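Offset between the sequence shown (1-based) and my numbering: plus 156.
Hint data in this document are derived by calculation from the structure and do not stem from the laboratory. Please read all numbers here as calculations on a predicted model, not as lab measurements. Worth double-checking, as some hints may not be accurate.
[Claimed, not checked] Listed next, the in silico DSSO-like pairs over lysine-lysine satisfying Cα-Cα at most 30 Å (straight line): (1) K345 <-> K316; (2) K230 <-> K301; (3) K198 <-> K292.
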Amino acid sequence: MMSNEKIPGKSVLKNDKGFTLIEMAIVLIIIGIIIGAIVKGKDIIRSGEQKKIYSVFLNAWRTSYLNFYDRTGKILGDTNNDRHADTNPAHRGNPPSDSGRDALISGDTAHHPPNYYGLAQIGLEPPKTNTDKPWKYRYSDSTGKGHEITIAFDFDRKRKYNYMRISSIPNELCIAMDTMIDGEADGAKGDFTGDAAGGSAWGTIPSDDTVARWKMEF
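Please model the entire structure based on the sequences and the hints provided.
The following block contains the structure:
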């Protein structure tokens, strides 16, 4: 005799067919949209940080350089009154040093004649950065690697122009700055270039440090 008694849970198991292909496709599309939004968000944040470095650090120093000239008729860091910016104001011809960079702000009116002034002596405020030094800025690149970017001013004796020397700057940031300043990121033409005779192309590894230069107006 057949029993009409229902087995508990049988109807539930019978209707448990899992996801259809359409449902799985919809889920995958949603996941893709979320991942894309996260990646896009990171790109937007990085682009914003790069623009901030241009605005509050590099261009802020360029503005200080121009304002110094406007008030004094001299080049910031020029120790010899020859209109030549010196890589290290304390010792002309030497590579940039922290004390030399500090002198761009504090000047040196005692030990290295002829005396020269820094920003502080004429009432100019140096740029504010995310470090305790106005000439240094910390940046984390797209790989998470940290960089301490520094600036100094120098003179190209062959081509006869003053420029901002930017050290420990990663290639990815050079490309961004070159595009903002020159409209084209080639490293060889325009005012923002690689630190070599006639400029040089930016490296292909985004996180590698290099040296760049930004030609000043005078």
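Hint check:
Only pairs whose Cα atoms come within 30 Å are accepted, and K345 paired with K316 is accepted, the gap being roughly 16 Å. Under the criterion of a C-alpha separation no larger than 30 Å, the hint pairing K230 with K301 is inconsistent with the structure, at around 38 Å. Simply put, K198 and K292 have alpha-carbon atoms about 24 Å apart, close enough for the 30 Å limit, and the pair holds.
In the structure shown, a violation is registered for the earlier hint numbered 2 alone.
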